[in-house]
Amino acid sequence: GNSVTQMEGPVTLSEEAFLTINCTYTATGYPSLFWYVQYPGEGLQLLLKATKADDKGSNKGFEATYRKETTSFHLEKGSVQVSDSAVYFCALRNSGNTPLVFGKGTRLSVIA
Amino acid sequence: NAGVMQNPRHLVRRRGQEARLRCSPMKGHSHVYWYRQLPEEGLKFMVYLQKENIIDESGMPKERFSAEFPKEGPSILRIQQVVRGDSAAYFCASLPAGEETQYFGPGTRLLVL
Chain A
1 GNSVTQMEGP VTLSEEAFLT INCTYTATGY PSLFWYVQYP GEGLQLLLKA TKADDKGSNK
61 GFEATYRKET TSFHLEKGSV QVSDSAVYFC ALRNSGNTPL VFGKGTRLSV IA
Chain B
1 NAGVMQNPRH LVRRRGQEAR LRCSPMKGHS HVYWYRQLPE EGLKFMVYLQ KENIIDESGM
61 PKERFSAEFP KEGPSILRIQ QVVRGDSAAY FCASLPAGEE TQYFGPGTRL LVL
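Line order of the protein sequences matches chains A and B.
Mapping of the first sequence onto the numbering used here: position 98 corresponds to residue 98, and the numbering continues sequentially without gaps.
Mapping of the second sequence onto the numbering used here: position 38 corresponds to residue 38, and the numbering continues sequentially without gaps.
Keep in mind that a hint or two might mislead.
[What the hints assert, rightly or not] 27 Å max Cα-Cα, derived DSS-like pairs, lysine-lysine:
#1 B:Lys44 - A:Lys49
#2 A:Lys49 - B:Lys27
#3 A:Lys52 - A:Lys104
Don't read these hints as lab results, they were simulated from the structure.
No experiment lies behind these values; they were computed from the predicted model shown.
With the sequences and hints as input, model every part of the structure.
Take a look at the structure:
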């Protein structure tokens, strides 16, 4: 079946540090891949997505590249800010109206 | 265009009571998904509905849980005879027909005492 594995947290970084959150997936077919962010007490917001191999999704300084050969979709940001502190979820969705399959989430804390 | 709305945001119930969670999708969105998030876990799919139809309920427990999305009004997730293990955050997401990106509501945090 489909599954998403992402690195365990929590991750604590100093402001302006480089961020990588690893995400790998197992899926049948060719899924679309997503990163969602959840700020404290809020729902999930779509951060970025990629729909096919070698696509790069980017938003707010974050980026992730759909790597079919390594079945990965790692999230990166060159310089994190305190306001980036949140839980980040990697997710996939196969074609059609199938539901999202989420990883367990990675909590990021950025300290000034 | 208002986002996906859920109410209540917080709900406290005693064991054995009923919980009703409401989700109003974004305007023009005819598809609704419900997900459950247990503490320190990712979201797990429960049920997928279109207007007046349940399309996929494979993630929903067979007993005590039900969902509907009537022609008029919000989608409702109903949990009868709640137990402590039902304590979780319940999120709904909506999207229009033919699109891929799901838009999430703020969630309802259910606490069963």
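Verification of the supplied hints:
no., hint, in the structure
1, B:Lys44 - A:Lys49, "19 Å, holds"
2, A:Lys49 - B:Lys27, "23 Å, holds"
3, A:Lys52 - A:Lys104, "23 Å, holds"
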